[in-house]
Amino acid sequence: MSKLRLIVRREYLAKVRNKSFVIMTFLSPVLMVAMVVLIAYLAQLNDSEKRIVVVLNESDFFSTDFQTTESVSYIRFFDVDLETAKDSTSNMGYTGLLYIPNKKDLEMVAKETTFFTKDSPNSLLLKKIEWVFEDRLRQSRLQDMGVSSKQFATVDRAFEINTTSFLGEQNLKHINEIKSGIGLAFGYLIMMFIIIYGGFVMRSVIEEKTSRIIEVIISSVRPFQLLMGKIIGTSLAGVTQFAIWIVSAGILLVIAALFVDVDLSALSAGSDVITETVGDTMMPIPSMSETANLYTQEVFELPWFVLISSFLIYFVLGYLIYSSIYAAIGAAVDNETDTQQFIFPIILPLMLAIYVGFFSVFNNPHGPIAVGFSLFPLTSPIVMLMRLPWGIGEGGVPIWQFLTSIFLLLGTFMGIVWLAAKIYRVGILMYGKKPTYRELYKWLKY
Amino acid sequence: MNNILVTKEVTKRFGSYTALNKVSLEIPKNSIYGLLGPNGAGKTTLIRIINQIIHPDQGTVLFDGEPLRSEHITMIGYLPEERGLYKSMKVGEQALYLAQLKGLEKTEAKKRLKYWFDRLDIGDWWNKKVQELSKGMAQKIQFIVTVLHAPKLLIFDEPFSGFDPINANLIKDEILRLKEQGTSIIFSTHRMESVEELCEYIALLHHSEKILDGKLSDIKKAYKNNKFHVGMHSENGQIDLNGIQSKFELSSIAHDPIENQVSFTVQLPTDDSRSLLSYLSEKGNIHHFQEKIPSANEIFIQTVQSKSAHE
Chain L
652 MSKLRLIVRR EYLAKVRNKS FVIMTFLSPV LMVAMVVLIA YLAQLNDSEK RIVVVLNESD
712 FFSTDFQTTE SVSYIRFFDV DLETAKDSTS NMGYTGLLYI PNKKDLEMVA KETTFFTKDS
772 PNSLLLKKIE WVFEDRLRQS RLQDMGVSSK QFATVDRAFE INTTSFLGEQ NLKHINEIKS
832 GIGLAFGYLI MMFIIIYGGF VMRSVIEEKT SRIIEVIISS VRPFQLLMGK IIGTSLAGVT
892 QFAIWIVSAG ILLVIAALFV DVDLSALSAG SDVITETVGD TMMPIPSMSE TANLYTQEVF
952 ELPWFVLISS FLIYFVLGYL IYSSIYAAIG AAVDNETDTQ QFIFPIILPL MLAIYVGFFS
1012 VFNNPHGPIA VGFSLFPLTS PIVMLMRLPW GIGEGGVPIW QFLTSIFLLL GTFMGIVWLA
1072 AKIYRVGILM YGKKPTYREL YKWLKY
Chain F
20 MNNILVTKEV TKRFGSYTAL NKVSLEIPKN SIYGLLGPNG AGKTTLIRII NQIIHPDQGT
80 VLFDGEPLRS EHITMIGYLP EERGLYKSMK VGEQALYLAQ LKGLEKTEAK KRLKYWFDRL
140 DIGDWWNKKV QELSKGMAQK IQFIVTVLHA PKLLIFDEPF SGFDPINANL IKDEILRLKE
200 QGTSIIFSTH RMESVEELCE YIALLHHSEK ILDGKLSDIK KAYKNNKFHV GMHSENGQID
260 LNGIQSKFEL SSIAHDPIEN QVSFTVQLPT DDSRSLLSYL SEKGNIHHFQ EKIPSANEIF
320 IQTVQSKSAH E
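Residue numbers (my numbering), protein chains in the order written: chain L, 652 to 1097; chain F, 20 to 330.
Derived from the structure by calculation, the hints contain no laboratory data. Built from N, CA and C at the ideal position, the CB exists for glycine as well. Hints may be right or wrong, so weigh each one.
What the hints assert, rightly or not - Distance windows between CB atoms, simulated:
id: 1; chain 1: L; residue 1: P1049; chain 2: F; residue 2: R32; range: 45 to 55 Å
id: 2; chain 1: L; residue 1: T988; chain 2: F; residue 2: G122; range: 47 to 57 Å
id: 3; chain 1: L; residue 1: D989; chain 2: F; residue 2: S271; range: 46 to 56 Å
id: 4; chain 1: F; residue 1: N146; chain 2: L; residue 2: E987; range: 22 to 32 Å
id: 5; chain 1: F; residue 1: A241; chain 2: L; residue 2: Y1097; range: 53 to 63 Å
id: 6; chain 1: F; residue 1: G122; chain 2: L; residue 2: I1050; range: 41 to 51 Å
id: 7; chain 1: F; residue 1: K154; chain 2: L; residue 2: L693; range: 52 to 62 Å
id: 8; chain 1: F; residue 1: S271; chain 2: L; residue 2: Y1097; range: 44 to 54 Å
id: 9; chain 1: L; residue 1: I846; chain 2: F; residue 2: G122; range: 29 to 39 Å
As the list claims (entries may be wrong) - No farther apart than 27 Å at their CA atoms in a straight line, the calculated lysine-lysine pairs in the DSS-like style are these:
id: 10; chain 1: L; residue 1: K654; chain 2: F; residue 2: K129
id: 11; chain 1: L; residue 1: K670; chain 2: F; residue 2: K147
id: 12; chain 1: F; residue 1: K148; chain 2: L; residue 2: K654
id: 13; chain 1: F; residue 1: K41; chain 2: L; residue 2: K1073
To be verified - Far from chain L by the CB rule (all over 10 Å, computed), these chain F residues:
id: 14; residue: P57
id: 15; residue: L104
id: 16; residue: N188
id: 17; residue: Q264
id: 18; residue: S265
id: 19; residue: P276
id: 20; residue: N316
id: 21; residue: S327
Whenever a hint applies, use it, and build me the whole structure from the sequences.
Listed below in structure tokens is the structure:
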């Protein structure tokens, strides 16, 4: 067996057999699923709390409005004065009192209508009530202008612009967000992997230093071999862990959905409420299922080969760059508490990539900011992956940008690994000194 | 070739600090070589260069007549001053790993480990974790791992620091046995008295430079200064010290009235000890007569002092 393989094997086994690693591997999916289930459950609970609104309608309008729905019940009071109604609403613990006074026309009524509540009212509920008023007001104003509501319905149709790419394919409205989301998920995965397993590499280096075995090892193998073996072994352990996480989280989610009576779609309940109300009033929204099919088709037609193969390239190179920096930090210090000052500058570009991705690439995947950050080697593994769902070439990432980005990343990779190996080589034999950046710079010249 | 290792004008700098300045050494085969000097003299740097952990800025190192190559790593065993083991690994597994890193096949490594574990009486430690071992126990493992691949050259940096006396003796005996079997050995230490009796050759390093090297017996011969230590009985009253003092230069005179003994050091102008002995034997009973051979430590101090006096 070659020495590198020996080292990789040892690092892998040392990691995989580590108790806390094993616990994390098997506990995390459970925790994750528990959290999702809990959130879904809470969302359901929150939503299932029925709101009761008392309506005191003294006007001649709205006699047929405010029908009880799934989430709001409306109770009508008749022949009581406002003060009594307020008292009893408050005493019964109802959500609020909608007071509609008696005025001569709708405009006046609307103006004087008040919604009394104990605390500040739920904005969604308020919106629902406002919609009713808006709707009635619109109809009455139209009538004043001599337009029937039927006529209006033919006029007031939602308009959606056709979007087509230059190649003539029909574009879907939100497909950009979906594409960005997929890219963002890939980028996020890379970032998490770097932060978790880069940290592992660093701790492993520190452990070798503090246990003083390092000099025994590097009298047998070259420090660079040890560094590479460590990085590879740790990342293999990481890949194992990720695989276990994904598989078991999937299984657990299915089990949880089957056995625990929690409707996971409750997570999207908020948006349902709005569509429901809109549907109640005037405009029927187009059926979602046929568009959903188009989306699924579009997602299937994403350049998956390009996406996955470039994910692997960016993942491997990005991870190697960052983890060798982590290793160099581990070598430079004597214990973990000294690492803080060095870690922040590493995490900074990663965070920047994610935020730039979220706020800039999401809206404009091929704009100047997106291009810049997808070329810059410390952010490109994350940002470029967010652009790649559009493919390479026409309509997507220009080939030159893709190649430049890979080339820059490769160059940086070699440069950084070389620098990190130098710091590592010197650092592992240094004890008792808390290094400064200036000192690290000096080590490069040893 | 009679030298296992030769360094020629080896220089190593760390930034502006020179850790080794043109150090040339010749380490004969099948000998025990002491690399002596105070902390910071450059011993560990030199040893790291021999182990190819770091590389010299100038100068060459020859191993068994050939320029040092990475293949030579398997022919060298090194027990560093800063030594340790992976705490969470099992003893046997760890020893096997380290042996394989030195190029041994797994089965062969296992066989040899078994031999050494039995030899040092630690056969039942195989499945223990290192963190369960005491410091002395861990050092036995480290020793085994150092010698397991039967290297031609063994390098021990401060070998006896941290060993308890029993283990230190055990290890010392094993080292001597390995030397009998033809291994060349380098001892590096700042506690010169700890290895003096073992070494045939020594080199003294001071402030990154070699200030003295050669066969220990030759060096001692060169540094002896005709001093003799004498002890006499004085049962028949007083010894005529004044008489002796008038003929010879005496120093550190000491009386022991209970045992009726007197001791002193005589400085002779030449190494003619016979005339001194015959003169003294007329003065009383001699129970002790010994030439004062300087210790490595004394030689070191003397050399450093004379060097700085010349500068």
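Do the hints match the structure? See the list:
no. : hint                         : verdict
1   : L:P1049 x F:R32: 45 to 55 Å  : holds, 49 Å
2   : L:T988 x F:G122: 47 to 57 Å  : violated, 38 Å
3   : L:D989 x F:S271: 46 to 56 Å  : holds, 53 Å
4   : F:N146 x L:E987: 22 to 32 Å  : holds, 30 Å
5   : F:A241 x L:Y1097: 53 to 63 Å : violated, 38 Å
6   : F:G122 x L:I1050: 41 to 51 Å : holds, 47 Å
7   : F:K154 x L:L693: 52 to 62 Å  : holds, 55 Å
8   : F:S271 x L:Y1097: 44 to 54 Å : holds, 50 Å
9   : L:I846 x F:G122: 29 to 39 Å  : holds, 37 Å
10  : L:K654 x F:K129              : holds, 17 Å
11  : L:K670 x F:K147              : holds, 17 Å
12  : F:K148 x L:K654              : holds, 23 Å
13  : F:K41 x L:K1073              : holds, 25 Å
14  : P57                          : holds, 18 Å
15  : L104                         : violated, 6 Å
16  : N188                         : holds, 23 Å
17  : Q264                         : holds, 54 Å
18  : S265                         : holds, 59 Å
19  : P276                         : holds, 53 Å
20  : N316                         : holds, 27 Å
21  : S327                         : holds, 29 Å
Checked against the numbered hints above, the structure violates hints 2, 5, 15; every other hint is satisfied.
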